[in-house]
Amino acid sequence: MNPENREPLLQPALKLHIPEPSARPGSAPDFTHLSFAAAGAVRRPQVSETARQMQDLAFDLIRVLDDTGKAVGPWRPDISAERLKHGLRAMLLTRAFDERLLVSQRQGKTSFYMQCTGEEAVAVAQAAALDSTDMLFPTYRQQGLLIARGWSLVDMMCQVFSNSHDRMKGRQLPVFYSSKDANFFSISGNLGTQFSQAVGWAMASAYKRDHRIASAWIGDGATAEGDFHYALTSAAVYRAPIILNVVNNQWAISSYQGIAGGDEATFAARGIGYGIPALRVDGNDFLAVYAVTRWAAERARTNLGPTLVELVTYRAAPHSTSDDPSKYRPSNESASWPLGDPVERLKKHLIHENAWSEEAHVALDQEVKEEVRVAAKEAESYGTLGKGPKPDRSTIFEDVFKEMPWHLRQQRDELESEQ
Amino acid sequence: MNPENREPLLQPALKLHIPEPSARPGSAPDFTHLSFAAAGAVRRPQVSETARQMQDLAFDLIRVLDDTGKAVGPWRPDISAERLKHGLRAMLLTRAFDERLLVSQRQGKTSFYMQCTGEEAVAVAQAAALDSTDMLFPTYRQQGLLIARGWSLVDMMCQVFSNSHDRMKGRQLPVFYSSKDANFFSISGNLGTQFSQAVGWAMASAYKRDHRIASAWIGDGATAEGDFHYALTSAAVYRAPIILNVVNNQWAISSYQGIAGGDEATFAARGIGYGIPALRVDGNDFLAVYAVTRWAAERARTNLGPTLVELVTYRAAPHSTSDDPSKYRPSNESASWPLGDPVERLKKHLIHENAWSEEAHVALDQEVKEEVRVAAKEAESYGTLGKGPKPDRSTIFEDVFKEMPWHLRQQRDELESEQ
Amino acid sequence: MTTMNMAQALNSAMDTMLARDPNVVIFGEDVGYFGGVFRCTADLQQKHGVDRVFDTPVAEGGILAMAVGMGVYGLRPVAEIQFADYIYPAIDQLVSEAARLRYRSGGEFSAPLTVRAPSGGGIFGGQTHSQSPEALFTHVCGLKTVIPSNPYDAKGLLISAIEDDDPVVFFEPKRLYNGPFDGHHERPVQPWAKYPASEVPEGYYSVPLGKAAIVRRGSDVTVVAYGTMVHVAVAAAEMTGIDAEVIDLRTLVPLDIDTIVASVKKTGRCVIVHEATRTSGFGAELSALIQENCFYHLESKIERVTGWDTPYPLAFEWDYFPGPDRVAKALRRTMEP
Amino acid sequence: MTTMNMAQALNSAMDTMLARDPNVVIFGEDVGYFGGVFRCTADLQQKHGVDRVFDTPVAEGGILAMAVGMGVYGLRPVAEIQFADYIYPAIDQLVSEAARLRYRSGGEFSAPLTVRAPSGGGIFGGQTHSQSPEALFTHVCGLKTVIPSNPYDAKGLLISAIEDDDPVVFFEPKRLYNGPFDGHHERPVQPWAKYPASEVPEGYYSVPLGKAAIVRRGSDVTVVAYGTMVHVAVAAAEMTGIDAEVIDLRTLVPLDIDTIVASVKKTGRCVIVHEATRTSGFGAELSALIQENCFYHLESKIERVTGWDTPYPLAFEWDYFPGPDRVAKALRRTMEP
Ligand SMILES: Cc1ncc(C[n+]2csc(CCOP(=O)(O)OP(=O)(O)O)c2C)c(N)n1
Ligand SMILES: Cc1ncc(C[n+]2csc(CCOP(=O)(O)OP(=O)(O)O)c2C)c(N)n1
Ligand SMILES: [Mg+2]
Ligand SMILES: [Mg+2]
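Chains as they are written, first to last, in numbering that gives the first Met the number 0: chain A, 0 to 418; chain B, 0 to 418; chain C, 0 to 336; chain D, 0 to 336.
Calculated from the structure, these hints are not laboratory results. Treat the numbers as computed from the prediction; the structure is a model and nothing was measured. Do not take every clue at face value.
[To be verified] Quick list of the computed label-pair ranges, beta carbon to beta carbon:
no.	chain 1	residue 1	chain 2	residue 2	range
1	C	18	B	339	54 to 60 Å
2	C	204	A	26	37 to 43 Å
3	B	370	A	47	54 to 60 Å
4	A	334	C	237	51 to 57 Å
5	A	334	C	122	30 to 36 Å
6	A	26	C	213	35 to 41 Å
7	B	27	D	187	53 to 59 Å
8	B	32	A	151	50 to 56 Å
9	D	185	B	391	44 to 50 Å
[Claimed, not checked] The list that follows gives simulated cross-link-like pairs (lysine-lysine, DSS-like), each with its CA atoms no further than 27 Å apart:
no.	chain 1	residue 1	chain 2	residue 2
10	B	347	B	179
11	B	84	B	69
12	B	207	A	14
13	C	46	A	14
14	D	328	C	264
15	D	46	A	207
Glycine included, every Cβ here is placed at the ideal spot set by N, Cα and C.
Isolated chain A, as found in the complex (with noise of 0.2 Å):
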């Protein structure tokens, strides 16, 4: 041994550190250590800055919304009342979709189902942000994403519902959507997968000389995949045209965003070791949603490449139909969200603006829900899970490859022979 090595110094123990939470069950919900500067405060850089020059923004919060409802600011996007209405109407439709088919869900005709409750302006506001022909890679908690592609709720029902109108024939868990005709990509159960390959669809389009670009989501607690790593070096590398979205929403099932890695840094500065341009912004703010979302789409569609947005939210709903949030966190804790609720804070901004009111927005609220009902009741007569009519069950060998193959015929023989 190296005769020259000292001795330890005379010093503490080693301590084991593992991050908790601000608050737990029976304390009281604390988010000052979220703080961030007032609507408007924030600057915006040109698209062509470089990544350097715009590490601040990774911990700064862009905000557009003002207390009062007012949109001020740099950040403030060039957005017709029509269009922000469109917007207000897709999340409010999203929101009465969650809640019907939560109640489905307690009926049984789903076994599982997934609200996203309270961050309805990520997936909404983005969409009206991209174009229609842009290529979607989203987690489970994007639905808004269809619905304001105008997709059809009874489709998406009839997924949720494993019936004989589900496109994906009773095979997926409910709520994971997939549509090519809506540039929607299949949705994985596997946390993270998706963000890394929308680099590499994102980099097929650059190599085949097209103009749709990629938008990936992922969640704070699947940041921590080794997908998340791939795709930033990756969009990084070779300077692909995609957005990718952290959409942290403070929760990971039970675990608090700081297990993630939260409370050392913010999760778009995990942009700026990869010379990726970073933006954190308000994710209950449509309208700093919606900028930040077009500011990063012309840098793609200019060939500047990849930006990392973190829209900052938060999972007002449980997990999942699986899952009780009151064992691991204060129950009021999502009333004391500072960011608040994104279709008031629309609402607000709109009537504010003179182009809305309390009674429209009623009115707008039972439309949606009576179109919602209106689909249910159709997609409910395809049939629901375990009720009614299903796919039919020599599907299960389908698709597993392009033919089937001598052995999974056989087996579907074997099946087919249980009568």
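Given chain A's structure and the hints, the job is docking chains B, C and D with the ligands onto it.
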């Protein structure tokens, strides 16, 4: 579809970017992209400074030795000439060891060898800065750690020769050393895996209220593996007592560091997104490497958590004996490396300090070569690959499990029956 | 003795080992404060401290890397992978590292970790919450693979796994957490409390790895099964009236070959049952071994009853699941000649 | 027709497909400018452009994720994993994504990628450059697994793999790149040029997936092999004088069961040979299938000759490798009764 979604703007088509190194065979080496400040110019923060406050250091390059061999600036370490000479000796010994075993490989005494030429300061200065009880998780290019810790050259050579004295019983690829007694973790063929394991070890040390810290190494290329991300995430979350070293020697076999993302940001900058303090250091400057490692070790030992260190160096030799770098980089690129040779620079410093001389250097060089020669003679007497004594072949079935299960005993008997 | 379901028995195993050995630490996604999505680590953090039972980032590869490093230090880490379906990102650390460490270091280093993961279907989990990937791990030399079928075994085997000096992959058939399941999904769920195997000592005991159990003695045909399928096999035997000897493997590697061979030599017939997909499933290895060891004793061909070679389809769970009818058919076919 | 070794034939397959189909792109570690550590992509970047043949970060998971995304777009990505031993970090993208995409999306999306990886030992690669992990992939429904044994097949099968609409894992026995290898390691290496299978058309042709080849006709015993072991099996047959019929599987999934069954029904005896570790290797599946399909035709037990259930030990490569002596012994044992 959303009726309000716009047509794609009339913009130039997307285009896929594939990074290219600054020079290929046939063209002149070009390191103009590697810009750095003068020795002594980079500030030295308190170990308690936050990651956020010291982001600038991830983009700078800490250097202590100036062109005249003088040690300058705030990072100038407090280290005796004796200890520096000890380091110089270990670097020379490492180089002599590499040279000798390269010849052995050409002579067929082993199937494979890997040199660390030009990178000796990384391992040797870091070994000097750590306590001998600290646990090392190296790659195949830190043989200097073992040599600096005074480990037996004969033992190392026996591993390379897969002979009867090989503690790894002829199982491992040459140079994949392992030494529990030297606190040097078993080298894996799978890139990156040790980096994340090291964090687990460090967490265990903290959990047990130990004083020992961990230090792990990874190459620029291997930073792209998921394990790099796992390591940074868990080190940040649990504030593990560890030094996470990225050895940026510019190449990963034939891929230059831009393929790993090095053109977009420094590798040190990866730390920023996890809230891990990051330092970037001239890896060929023994004093700078020593100083930076001491600083990081102090953080780890005082429960301040992990530090990410990027060591900027150059892989002067081929990747391994299976490689021919003239196929992918200018043959004189090594000579143009702006940060020089670590041995020459430390020698110059010691001469500048009047603690060393050309004659002493020549004598030392001969001394270490003789030491290597004697060791090689002894090691060869225990056998070389395919010649002379080797481990017993029934050992093939040992150590798969702690106790040999029936199926391995049966297979052992089967082999034994083959005469 | 207390009555425990399988989740409670597993919890008790970990509780016992945390109390016995300060080197035992337990971690995984949601296992800390919350106690795990299947409640297997409920209250352990509260009882033993946050640094002994804690949440991890959602990174299976990182979790097992951490476990390897801790094992190298000298701890006995017990890592949970939330669903067996999510073990794939961690396979490199298991196959290339945990399984190879002792060998490649000439015995100097090892990673005595235990990986727990709920596996199997029957809970409407769809293709990413229903998989039985055990066969993959049985192909990896250096790993032990364990699958319990009841609370008593679950606790005793998990304690053995934690104490074992080699890395152990421990799959928990999630359909069995609350009660035994014989595949008659149309019948009401029976709680474990009604079965003797739910009588579990509160303290320390162990069930050795590598030892199968004969859960039903018989002379007509040998049924080799593990996990949930043990209960299905017994149900099929009862249904058919065929006097089947049912072997519960408990450990897949190292396999209790003697018990299997003795039984097949006695019965001359064999049906292998598993829920995993058929091709290259562990049933293939069992079939090959039995054929090799009992060739002259076999009176009819060895049958495999398994999941189909497709993903586990949510709405067709019971068409997929190799239930008692399918096993019964195979038993009858085997008895035919 | 030109004379090609296997590396050249694979290169020619990619060259041909790059020229035929603008949607073909090729990438992996060191495959671009350098042309791959085994030279299989030599000159392809120079010929077809940097955006069609390029280097990737050292991240196997990232490489296959990229390939899945590109496949979804409509490209036909061909990804190289530098050694089969390094495919583990990418297994999640293969198993959970590429293999499942068509199924889970009801046929809407698919990932028609080809993963090439050199596998097998015999080159002093030690345990991390010698593995044959093919069995793992055969257990994953939705993946095709291909292993060629000679230059002609290699090119034709690789072209079929690239054109196939399903994900294909394509293992290249690295010991065969430069010449056939029958396990007689003490003899000088014979270049491919001396063998008819090195006669390879320069342009486009294909060898269908799922079709085995009978490389030696015989009536005494059937030997089922693939990759390097095909040559070993033939050598063993010659050594023993036993009139063995040697089947080269070429594709493991989907398997050419008809060719195997017809042969075993004819010979009544069977030896299965692979280099991979024995337990749960693909030989187990073959043994099970043959036993299930040919039970009444078998005159002696089916033998497996395989690598040991240990890592591949560098200094004992030839004690590990299942060479012609070991196969010959099994052939003789099989003929005994
Ligand atoms: C690879 C993998 N590991 C674990 C899980 C189990 N799981 C499902 S959701 C979830 C939490 C994800 O949290 P986050 O990424 O923050 O997304 P959120 O649910 O908050 O939208 C976990 C651990 C999984 N689906 N896939
Ligand atoms: C998981 C894995 N993938 C690929 C390889 C093959 N490989 C060996 S070394 C190497 C390059 C590594 O480069 P770097 O990390 O920069 O280290 P350096 O050799 O420069 O020290 C590659 C790709 C491997 N050993 N392991
Ligand atoms: Mg979340
Ligand atoms: Mg390197």
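Earlier hints that do not hold, by number | Structure breaks hints 6, 7, 9, 10.
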